[in-house]
Amino acid sequence: MSELTLHEVRERLVAAGITGPHQSHSRQNNLSHIRTMLENDAEGSFGLTGLDRYSVGEVLGFLAEITGCSADLDAVEGYDTIDPERTVTALVEAGRRLGEEARKGGSLLTVTGHPTGMLEHHIHIVDSYRGAGGKILRLREEENLNIGNSKHAEVRYIGGVGCLADWGALKHTHSSAAMEALLEAEPWPDLVLGDHGFAGAAIERGIPTIAVMDINDPALAVAWAEKKDVVIIPMDDNRAPRTYEPAWRLIIQELTQNTL
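Just so we're aligned: 325 in the working numbering is position 255 of the sequence shown, and the numbers increase by one with no gaps anywhere.
Just so you know, these hints were derived from the structure itself, not from any lab. Watch out, some of these pointers could steer you wrong.
[Claimed, not checked] Calculated cross-link-like contacts (lysine to any residue; reagent style SDA-like; alpha-carbon spacing at most 20 angstroms):
| id | residue 1 | residue 2 |
| --- | --- | --- |
| 1 | 205 | 258 |
| 2 | 241 | 190 |
| 3 | 241 | 220 |
Please read these numbers as outputs of a predicted model, since none were measured by experiment.
Make a model of the complete structure from these sequences and hints.
Here's what the structure looks like:
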């Protein structure tokens, strides 16, 4: 498979709505997520603490630094945007970080709260990480985690990627509860690839993390602003799975540099 140029990645991701003008969340939706997070909403905090010491304007400023969206609180109409250059730069950084850890034989836990968007993307990365010498963790596989209101909740691993499951159904979740339950087991991973509460709970415990952050996931922006050990990839986390090919291919190109 031929290598993609950064220009090709950028253009294809913009065309798919993964970066560039946002096609999923309105500006008002993004601002409302900041406000509910600061009101100590359990889902919106992603398992991170101390978020309520910031103002709406401060958090929007953090988001603007990462995504390139407007930092103007009075801008409330239409849809927001993610700067494609920031997305591509973050994909390169994530790939390099994964490659460094794989070459050391480090362990990776890959998890997603958005299986309808990110699962296929992450499976490709897991395969390449393993091929580059890294170890893949499946913490608490086949265990009932006893979280939430369901009689049965587990993290089901598909291609090495963990997703919250309720018997036969993979679940969309922002909650940190599943990841907190996973991290009751040891050993902890050397690196986490995740999103939503899976990423937040890892960051809260000081585990180096690569986090996919949609534009309405402000808790992760706060963690980044606090200089936590996190690489943030700003992009829509729930587009058609096939459209993420340029993203995972770019990550893998960087991951496999000097490892083959």
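Here's how the hints hold up against the structure:
For the hint pairing residue 205 with residue 258, the CA-to-CA distance comes to about 12 angstroms; that is within 20 angstroms, so the pair holds. For the hint pairing residue 241 with residue 190, the CA-to-CA distance comes to about 15 angstroms; that is within 20 angstroms, so the pair holds. Proximity of residue 241 to residue 220 is assessed by CA-CA distance (about 12 angstroms); at most 20 angstroms being required, the pair is judged to hold.
Every hint from the earlier list agrees with this structure, and none is contradicted.
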